[in-house]
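> Residue numbers (the UniProt record's numbering), protein chains in the order written: chain A, 1 to 360; chain B, 1 to 360; chain C, 1 to 360; chain D, 1 to 360.
These aren't lab readings, by the way, just hints derived from the structure by calculation. Incorrect hints may have been included.
[Stated by the list, open to error] Simulated restraints on C-beta separations: (1) A:GLY197 / D:ARG137: 38 to 46 Å; (2) A:PRO89 / D:ASP148: 52 to 60 Å; (3) A:GLY285 / D:GLY199: 51 to 59 Å; (4) A:GLY287 / C:PRO311: 40 to 48 Å; (5) C:ASP182 / B:GLY285: 31 to 39 Å; (6) C:ASP105 / D:ARG137: 56 to 64 Å; (7) C:PRO311 / A:GLY197: 49 to 57 Å.
[Unchecked claim] Covered stretches of chain D (chain C as the covering partner; in silico rule of three or more C-beta atoms under 8 Å from a C-beta of chain C): (8) 63–75; (9) 330–339; (10) 346–358.
Quick caveat: nothing in here was measured; it's all calculated off a predicted structure. Cβ atoms here follow ideal geometry from the backbone N, Cα and C, with glycine treated the same way.
4 protein chains.
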Amino acid sequence: MATETADSTADAAASETVTASVVGGTGFTGGELLRLLEGHPNLEISQATSRSAAGKSVGSKHPPLRGSDLRFSEPADLESVDVLFTATPHGVSMDQIDHFFEVADTVVDLSADFRLETEAQYDEWYDGHSAPEYLERAEYALPEINRDNLAGADLIAGGGCNATATILGLYPLFEHEILDGDEQIVVDVKVGSSEGGAGGGEASSHPERSGVVRPYAPTGHRHEAEIEQFLGTSVAFTCHAVDMIRGASATAHVFPSGPVSKGDLWKAYRGAYEDEPFVRMAAGGSGVYRYPEPKAVAGTNMAEVGFELDPSNKRIVVFSAIDNMMKGSAGQAVHAANIALGLEETAGLEFTGLHPVGAP
Amino acid sequence: MATETADSTADAAASETVTASVVGGTGFTGGELLRLLEGHPNLEISQATSRSAAGKSVGSKHPPLRGSDLRFSEPADLESVDVLFTATPHGVSMDQIDHFFEVADTVVDLSADFRLETEAQYDEWYDGHSAPEYLERAEYALPEINRDNLAGADLIAGGGCNATATILGLYPLFEHEILDGDEQIVVDVKVGSSEGGAGGGEASSHPERSGVVRPYAPTGHRHEAEIEQFLGTSVAFTCHAVDMIRGASATAHVFPSGPVSKGDLWKAYRGAYEDEPFVRMAAGGSGVYRYPEPKAVAGTNMAEVGFELDPSNKRIVVFSAIDNMMKGSAGQAVHAANIALGLEETAGLEFTGLHPVGAP
Amino acid sequence: MATETADSTADAAASETVTASVVGGTGFTGGELLRLLEGHPNLEISQATSRSAAGKSVGSKHPPLRGSDLRFSEPADLESVDVLFTATPHGVSMDQIDHFFEVADTVVDLSADFRLETEAQYDEWYDGHSAPEYLERAEYALPEINRDNLAGADLIAGGGCNATATILGLYPLFEHEILDGDEQIVVDVKVGSSEGGAGGGEASSHPERSGVVRPYAPTGHRHEAEIEQFLGTSVAFTCHAVDMIRGASATAHVFPSGPVSKGDLWKAYRGAYEDEPFVRMAAGGSGVYRYPEPKAVAGTNMAEVGFELDPSNKRIVVFSAIDNMMKGSAGQAVHAANIALGLEETAGLEFTGLHPVGAP
Amino acid sequence: MATETADSTADAAASETVTASVVGGTGFTGGELLRLLEGHPNLEISQATSRSAAGKSVGSKHPPLRGSDLRFSEPADLESVDVLFTATPHGVSMDQIDHFFEVADTVVDLSADFRLETEAQYDEWYDGHSAPEYLERAEYALPEINRDNLAGADLIAGGGCNATATILGLYPLFEHEILDGDEQIVVDVKVGSSEGGAGGGEASSHPERSGVVRPYAPTGHRHEAEIEQFLGTSVAFTCHAVDMIRGASATAHVFPSGPVSKGDLWKAYRGAYEDEPFVRMAAGGSGVYRYPEPKAVAGTNMAEVGFELDPSNKRIVVFSAIDNMMKGSAGQAVHAANIALGLEETAGLEFTGLHPVGAP
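Let the sequences and hints guide you as you build the complete structure.
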């Protein structure tokens with residue numbers, strides 16, 4: 001039976017409806033936003049833009065939406081709306097942000113264009129920034145570390161999926177001062193093919209991409225900038241592509257300077273997450289699913305976080321798993337928008353996931 | 001934004017609550033039932049029984065339910081309830097059906113125990129039947145061919161997943177008299193590994209099962225009995241295991257005796273399904289997903305049906321795709337229960353599916 | 001220990017060396033040819049041409065060849081050679097066949113350009129033919145049905161992979177007159193993603209292609225022409241893309257007009273294949289692998305063929321499985337070339353395959 | 001064309017034949033040994049023992065061997081032989097080692113029973129040792145670090161697959177004194193499902209195992225003992241199960257105390273491996289396969305090793321990839337046996353691998 005939360009959300013729907021459009025609706029992230037908005041009790045889809053597919057039904061690109069009447073609009077035909085979700089390639093939103101705010105009161109950008117706080121960071125990690133005056137205004141979309149600032153925000157910057165998984169795994173260790181920023185941290189991330197987007201190309205073709213454990217971005221991954229910004233320390237970061245579609249799994253190897261017990265860790269993680277609707281702990285126990293796994297959260301906005309303590313070399317191993325399309329992108333964006341707009345936090349994000357499910 | 005249907009369903013929840021228990025909660029089908037019941041606006045879970053896991057949380061077996069407080073009960077502790085869903089191995093329900101009706105007003109059985117109409121059929125296809133007096137009382141759970149009889153039914157027999165896919169694909173051809181039962185029909189089904197259940201074993205171990213195209217039940221598959229019962233003709237039926245987890249795809253090759261046009265076919269299929277909430281057509285068109293695919297319906301209660309006409313050898317090729325755990329089992333059961341209980345048909349079954357998604 | 005055959009082949013290597021080049025070396029089939037030629041005791045690679053990768057090492061495209069010193073040549077720099085293997089897109093070879101014979105004594109073409117016997121067939125199934133005068137000269141590469149004609153042939157036409165699987169499955173039924181050509185035959189083929197070639201594109205991108213059971217070419221597949229040519233009857237033919245890389249599995253449903261016993265079938269298949277080095281029977285028995293499976297022959301030139309008899313509807317179900325890159329393409333081509341050149345038939349094709357192995 | 005090496009090996013076959021038996025022939029490793037021995041020019045299979053499958057053909061368990069006449073023997077019927085390969089569960093060989101040496105002159109054990117040098121290590125990492133007097137006699141099978149000692153050895157201990165991948169990746173850094181043993185080293189390994197063996201079980205069933213990124217042995221993995229023994233330092237070691245069948249990929253994150261250049265690294269790795277027949281470098285470059293990948297070595301005895309330098313946090317990232325069944329087990333064992341017996345090192349191990357190939 002649906003929870004009280006869901007009932008009260010449904011009640012809210014009667015009194016409050018917010019219009020929302022998606023810029024860049026044919027990509028994987030855009031499609032995921034459309035799916036979430038179609039099922040959202042308070043947000044009503046106005047438009048989904050696409051240069052390449054204008055005029056076609058959204059179901060022509062995203063099979064689960066085959067039942068929808070919505071058709072893609074030309075970007076030039078974008079109309080006024082309450083909230084604009086922008087799912088365009090990096091660099092597009094910073095060039096069009098003035099226009100976006102002419103159209104909408106609130107902009108939720110899912111690219112990297114507003115994640116970092118200073119122009120200097122964009123100079124270092126990206127190709128500079130064309131609208132640096134907006135950087136201070138933007139709020140990072142991850143509620144677990146930025147909820148207070150998201151309330152009422154009008155420019156929201158969706159976090160990177162690998163950064164999201166990493167930050168959720170490590171944040172409690174900093175918040176509870178088990179780490180102070182001087183420790184060596186190694187983060188090894190495994191990601192699915194949806195992270196590469198809908199484009200295709202030789203490396204992501206099925207014969208070349210299927211069954212891989214493929215190092216990519218072995219050094220210098222741009223998400224390091226976000227992680228450093230929020231944790232206050234740099235991490236040694238490496239990604240591997242593996243054979244799944246949805247999912248990011250981050251394993252962090254941390255070497256605390258002082259003694260740490262399992263009790264200390266449980267205290268830190270419970271303290272950080274016990275009231276969070278979209279983080280759950282998976283740390284040991286019995287059965288098949290003992291630690292965080294992308295399969296266990298596929299299709300959902302849930303993050304799983306867990307840890308193990310290695311006494312032999314004074315190491316904490318922290319695991320975190322998300323669906324990169326949901327908690328790592330579109331789901332996080334809707335969650336942040338719910339907070340910014342004063343809606344029920346979990347509205348539209350209640351799907352609990354499937355079991356069994358493969359290559360999530 | 002949620003549809004009117006969903007809103008009115010939520011309204012109904014206030015006035016009407018039905019208690020439901022699941023017998024056999026640790027298997028894949030039992031877990032899927034629990035997931036659906038957890039999100040159902042009108043059904044409230046009372047108990048989930050399990051011999052092997054009594055006392056453990058349902059989330060220990062089914063990761064998406066990790067947030068639930070429910071624990072498995074001993075089968076002997078089954079309490080009175082409005083509706084009982086039984087997800088036990090074939091043969092168990094027929095032995096316990098008297099007891100089930102002592103506990104519940106309505107029984108929805110997901111095994112094969114009440115699918116066939118006569119004791120003779122059970123003698124032919126199974127190992128006989130221990131409670132044949134119930135066979136006439138049972139109603140087959142597939143609403144698209146049996147909706148009228150499901151209203152008010154108190155014993156509902158969930159259909160076999162391969163039979164469901166096949167019947168949904170072929171039924172309109174019989175209903176609209178394009179076929180009369182004398183034609184040659186070949187059905188070639190591809191199914192995922194969840195159909196084998198949670199047990200394991202060498203043939204279903206990952207190294208042996210991954211990447212297969214494996215003929216199984218090349219002849220004599222028991223689902224033939226159901227298909228024959230509802231279509232009125234036997235079919236030449238063969239199954240193949242392929243590398244997916246959820247999903248069944250049936251391809252029927254049909255050789256009508258007289259001339260048939262594409263217009264005739266569209267008329268038959270639209271006539272049969274245009275008002276059905278859980279069947280949609282996918283027959284040609286452009287893009288990646290032109291015909292029915294299990295991926296496109298993974299996690300949902302939707303069936304996709306489509307066809308192509310082969311003029312060179314006077315053949316109709318009919319494709320149908322379902323999620324075997326949903327439309328082929330637990331979803332179908334909830335759909336049928338909704339009808340039997342007078343609830344909104346689509347209650348608890350609104351999830352639209354994911355894109356992209358792999359090995360559904 | 002290596003068999004006598006392999007030893008005598010190795011002996012032959014000392015006295016006889018044949019030079020061979022590959023036209024179109026960057027594609028999957030071209031790479032497979034290079035791999036086979038590198039390990040062949042009698043054939044010595046001279047050149048591998050590529051428009052796009054000229055100058056690069058063959059290992060840059062085909063990781064297993066990273067140890068090779070060979071670099072791709074410009075097509076214009078093609079030099080004289082004994083045997084030319086052409087692995088170009090359909091239509092290229094027919095345009096260049098005069099030139100190919102200026103360069104080489106023997107041409108083995110892996111495209112569809114010389115598979116059919118008459119210009120009329122190319123008009124019907126393809127876009128006509130630009131060098132019809134060569135059609136009569138070409139010999140179909142499948143030794144099991146055309147060995148005698150391959151000896152001494154100078155133009156060899158590699159068979160289509162789906163046609164090869166189908167013909168190998170059905171041929172004994174015609175040869176032993178269990179079928180006479182008037183029967184209804186349905187062939188349902190499942191193929192891996194390597195069949196689509198190295199190009200990529202949205203439909204073959206990993207997120208869209210992974211986990212599929214996707215009907216393609218539901219009617220009118222061009223391989224029907226080859227099948228009809230060699231079996232003397234048309235078949236109702238449909239293909240499905242499934243989640244594997246290498247492999248084609250054909251299931252044929254056949255309805256003989258008269259009574260047939262399992263003994264008749266064994267006699268027909270044993271008679272056809274007991275002396276064939278690259279066909280083995282898999283028809284029932286115990287264990288995990290009871291019928292033909294692409295996994296069981298992945299990476300090898302072996303075809304598995306098996307059958308089952310369905311007494312209830314007088315049907316023979318015939319299964320056949322090959323590696324589409326080997327027996328369905330490059331392996332078949334080398335086998336045919338061995339015969340044409342008077343070499344040991346199995347030379348260079350001895351690899352027995354792997355167990356376990358996935359998504360072959 | 002086959003290389004000179006292969007020719008001379010074939011020549012050797014005439015003059016020298018060694019008999020070999022496999023104890024434990026039904027498991028994955030036992031099957032791989034049988035496959036390699038069948039194709040080996042100098043080793044002739046005498047027996048393959050199996051308690052559960054005695055009397056059955058080896059092809060009944062391992063499809064690629066369906067052409068073989070060999071049948072499994074009862075372990076009690078083991079006959080005298082030159083070389084015995086033992087592929088039994090850990091603990092069996094130490095109990096039977098006296099008997100094995102009664103039967104054979106040379107024993108190659110693929111379990112963990114003779115990998116470690118001292119009884120104390122077995123007390124710490126395993127459940128003690130029942131034949132510690134053999135420990136000093138045993139030689140570790142990895143030729144790249146132990147070739148000289150393998151010549152003439154009569155007890156060879158096959159290395160662990162994860163240890164093999166890790167040692168091959170890190171060894172040059174120690175040998176060339178880029179590391180001295182005081183540095184922090186994190187090793188994150190991804191492995192396929194064949195590592196779990198042929199047994200099955202719920203966690204390794206296809207529905208639960210497919211599509212995973214699953215932490216296992218997050219701390220305390222027994223292969224740490226081997227790594228420490230050969231590198232002289234402990235490593236922080238964590239394994240993840242991913243969706244492939246064959247393959248192990250190790251990523252080591254190393255923090256050298258002093259400055260290191262790419263040139264230094266190339267010098268170290270080229271120095272260590274340029275003459276090795278079964279190690280090749282993959283470090284950057286262009287194309288799809290830039291770093292070591294299990295797919296690129298699937299089915300072969302090759303290891304790929306590569307690295308990247310991360311100047312921002314003074315880190316060396318080292319990648320290594322092997323087929324866990326070959327270089328990580330059976331292939332390594334045959335390689336070591338070749339050396340011990342004075343045969344051509346590469347005999348029986350020439351297969352170069354497939355492209356494309358999936359879930360290796």
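> Please name the hints from earlier in the document that this structure breaks, with their numbers sorted from lowest to highest.
1, 3, 9
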